Amino acid sequence: MEKLFDPFVLPFTIGFSFIGIWFVYKIIRWFLGLSKTDKGLIFNGILTLKTWEAIVETVRESLLHMKVFGRNTRLGYMHMSLAFGWFLLILIGNIESTVYSGALFKPIYVSVFWRFFDPGPSFPQAVVQPGFAFWMDLFLLLVLSGLSFAVIKRFRSRIVGMKRTTVQSKVDRYALSALWLIFPIRLIAESMTCGANGTGSFLTGSLGHFFSLFFNPSSLVLPSWWTYSAVLGSFFVLLPFTRYAHIPSEPVLIFFRKYGVSMSAASPGYQDLTLHACSSCGICIDTCQLAEVEPGKSIQSNYFIRSVRHEQVSDIQYDCLMCGRCESACPVGVELMPLRQMQRPELGIGNKSKIYGRLGRNGHSKRILYFAGCMTHLSPSIIRSMEIIFARAGASWGFYDYDGQACCGRPLKLAGQADAAKLIREKLEADFIASGATLLITSCPICYRVFNEDYNLPGMRVLHHTQYIHDLIEWNRIPVSKSLMKAVYHEPCELGRGSGIYEEPRSIVNTLFAADLTPKAEGLCCGGSLGGPGINLATRRAVARGAIQQLTAGNPDVMVTSCPLCKKTFSAISAIPVIDIAEATANSLTASVVQPEKTKQPKSHHRQPVAVG
Amino acid sequence: MKSKFGFEIKEGRQIDLDSVDIQMVQLIAESVGSWKACFNCGSCSATCPAGVNLRSCLLKLSTLGELTTLDTCFLCGKCFLVCPRGISTRYLILQIMKKQMEYGKAV
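Residue numbers (our numbering), protein chains in the order written: chain A, 1 to 613; chain B, 1 to 107.
Calculated from the structure, these hints are not laboratory results. The structure displayed is predicted, hence computed values, not measured ones. Check the hints yourself; a few may be wrong.
To be verified - Calculated lysine-lysine pairs in the BS3-like style (CA-CA distance at most 25 angstroms, straight line): (1) B:K60 x A:K297; (2) A:K170 x B:K36; (3) B:K98 x B:K36; (4) B:K36 x A:K297; (5) A:K163 x A:K153; (6) A:K106 x A:K3; (7) A:K50 x A:K39; (8) A:K163 x A:K297; (9) A:K50 x A:K26; (10) A:K36 x A:K422; (11) B:K36 x A:K422; (12) A:K50 x A:K36.
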């Protein structure tokens with residue numbers, strides 16, 4: 001066989017070597033940037049079933065893009081055809097070159113430019129008998145069809161089911177142009193070779209034949225292959241600095257995640273890996289409610305990741321409501337909320353525990369410890385409703401923050417002050433355990449989430465009051481009746497997406513109200529979130545108005561929620577009443593209304609309890 | 001310095017513009033525009049579960065250029081919910097804390 005080399009392979013080879021060296025260097029950096037426990041997790045997991053699971057997930061997500069398919073079929077097809085089609089081209093091209101050259105080990109460019117070295121079977125026959133040439137043409141067609149969707153998406157993104165598409169940075173735009181050129185030029189180059197030799201299958205063969213009708217393609221064979229190689233090479237050289245770094249990084253992220261590595265300040269390597277694994281597909285832009293309200297402001301997660309990666313974070317880290325809608329929609333599964341939290345600087349603010357030192361706490365030696373939360377104290381009717389429910393259920397309960405002066409620590413954590421939040425957590429953990437209660441009930445999803453996620457409370461179950469009320473209704477402990485009103489349930493971010501409690505509140509709403517008009521969609525943010533200190537009132541109101549518009553599309557009589565903060569935010573502008581699920585339950589308690597017995601409170605020396613009895 | 005003519009000048013009432021450094025106020029007001037709307041009603045101080053007197057802190061900051069320590073703040077955001085002027089108080093507090101950290105001016 002003749003020599004398998006031509007100078008035109010050089011641009012490709014240089015680009016490919018560059019990216020190979022970069023990738024190996026990056027993997028080493030990412031691994032060394034992990035904390036000791038995370039490194040241990042990888043070593044322990046590598047020879048287990050987790051590796052197999054990671055391989056399966058890589059095929060499903062990096063190649064087939066199943067999650068994107070679940071969102072929109074056309075968008076999924078676009079991603080799948082580009083990724084999976086290209087993968088098949090590489091794989092089949094490799095097999096073909098191995099079979100025909102007879103060499104198992106050969107330079108990588110041989111298989112990439114195989115059609116140049118071996119023009120394949122002669123033209124009309126190859127169309128009817130499917131061989132390698134046929135399959136290679138078919139996969140090239142698959143990629144080209146996906147590419148046409150990508151071009152359409154740039155100009156009319158609605159066609160592929162996206163309201164907006166990512167605004168590219170300059171270097172991304174160069175890389176995108178190179179990527180778009182790769183496959184059409186490959187088609188032309190292969191067709192030239194096929195046309196000059198009278199070979200090829202249905203795509204390259206017919207196009208080559210078509211070319212040869214007008215001119216002699218052999219003079220254009222080398223120039224077209226040179227162009228193809230140059231475009232490939234420049235794409236590879238640009239890749240590490242653009243969003244296309246996700247192509248090699250995403251599988252690494254999947255493997256690390258499967259072994260149990262997660263986002264933490266101790267593992268900067270994992271953080272860097274995550275920044276590279278974002279493909280900037282723009283699905284997070286569509287889910288962001290702020291994109292509707294402030295279209296010009298690029299604070300959505302893909303832009304955020306881009307600015308963190310290129311170290312351009314100014315104050316945009318505070319301009320997010322942290323509702324988590326983008327995180328649950330992200331097809332790559334990037335842990336966006338912890339990533340954002342980590343970008344908010346630690347300000348080292350003082351000793352939070354000293355505020356608790358002077359407070360006497362109530363609620364010892366009772367089975368249930370009730371923690372209202374500071375937001376609930378701004379809506380005392382929720383506390384009164386809980387008192388009625390506790391009384392009807394005959395529960396033995398104590399009220400921890402009866403004076404409204406306790407904080408769970410999550411607001412601090414959301415603002416990036418993890419150290420201060422830890423001080424509060426330690427104080428509360430000690431208090432909760434000392435109370436001897438076995439059940440901790442809170443009315444605030446924000447508190448619930450942090451109790452559940454961060455607190456270490458052995459022998460104590462944490463419930464949000466929706467779960468508690470749901471159980472009471474289930475066990476017939478409280479006699480509820482159905483109201484004639486139609487209700488819509490607003491799902492608080494921290495309870496639904498944040499803590500995975502979807503069923504219980506919906507079941508209560510179905511029990512208490514004549515109809516449940518909740519739209520079948522991902523829960524919305526009320527705009528009142530504690531996550532975004534930098535967002536002003538006007539923007540928050542606009543977010544709330546948008547959410548109300550979507551929620552009240554079915555003309556409900558009342559809006560039910562289970563978060564005091566959502567309730568406060570909505571009731572400021574809602575046309576229909578907004579009530580908490582506890583209030584709805586207390587209202588529906590039939591028969592003679594039992595007055596809640598006055599809970600005995602120790603006298604607080606600086607403020608009277610506001611919300612008791 | 002008592003005068004015979006029935007009037008006097010008290011030292012303490014003289015305004016010395018050089019003694020007040022308003023740079024800090026300007027820096028903070030730049031990043032939190034909504035602060036301009038504050039009319040010092042004190043709703044924030046009244047609702048605060050941590051006992052922070054935000055009103056007095058902001059008054060001191062705007063008139064004396066003095067940064068009060070806000071160490072006990074939980075950043076719970078109740079002051080934002082009750083604020084009649086819709087001022088982003090959490091952001092304001094975060095900015096004050098940030099400036100304290102950067103310039104080490106905590107009192």
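Structure-based check of each hint:
no.: 1; hint: B:K60 x A:K297; result: 34 angstroms, violated
no.: 2; hint: A:K170 x B:K36; result: 38 angstroms, violated
no.: 3; hint: B:K98 x B:K36; result: 19 angstroms, holds
no.: 4; hint: B:K36 x A:K297; result: 23 angstroms, holds
no.: 5; hint: A:K163 x A:K153; result: 10 angstroms, holds
no.: 6; hint: A:K106 x A:K3; result: 12 angstroms, holds
no.: 7; hint: A:K50 x A:K39; result: 15 angstroms, holds
no.: 8; hint: A:K163 x A:K297; result: 16 angstroms, holds
no.: 9; hint: A:K50 x A:K26; result: 23 angstroms, holds
no.: 10; hint: A:K36 x A:K422; result: 22 angstroms, holds
no.: 11; hint: B:K36 x A:K422; result: 34 angstroms, violated
no.: 12; hint: A:K50 x A:K36; result: 19 angstroms, holds
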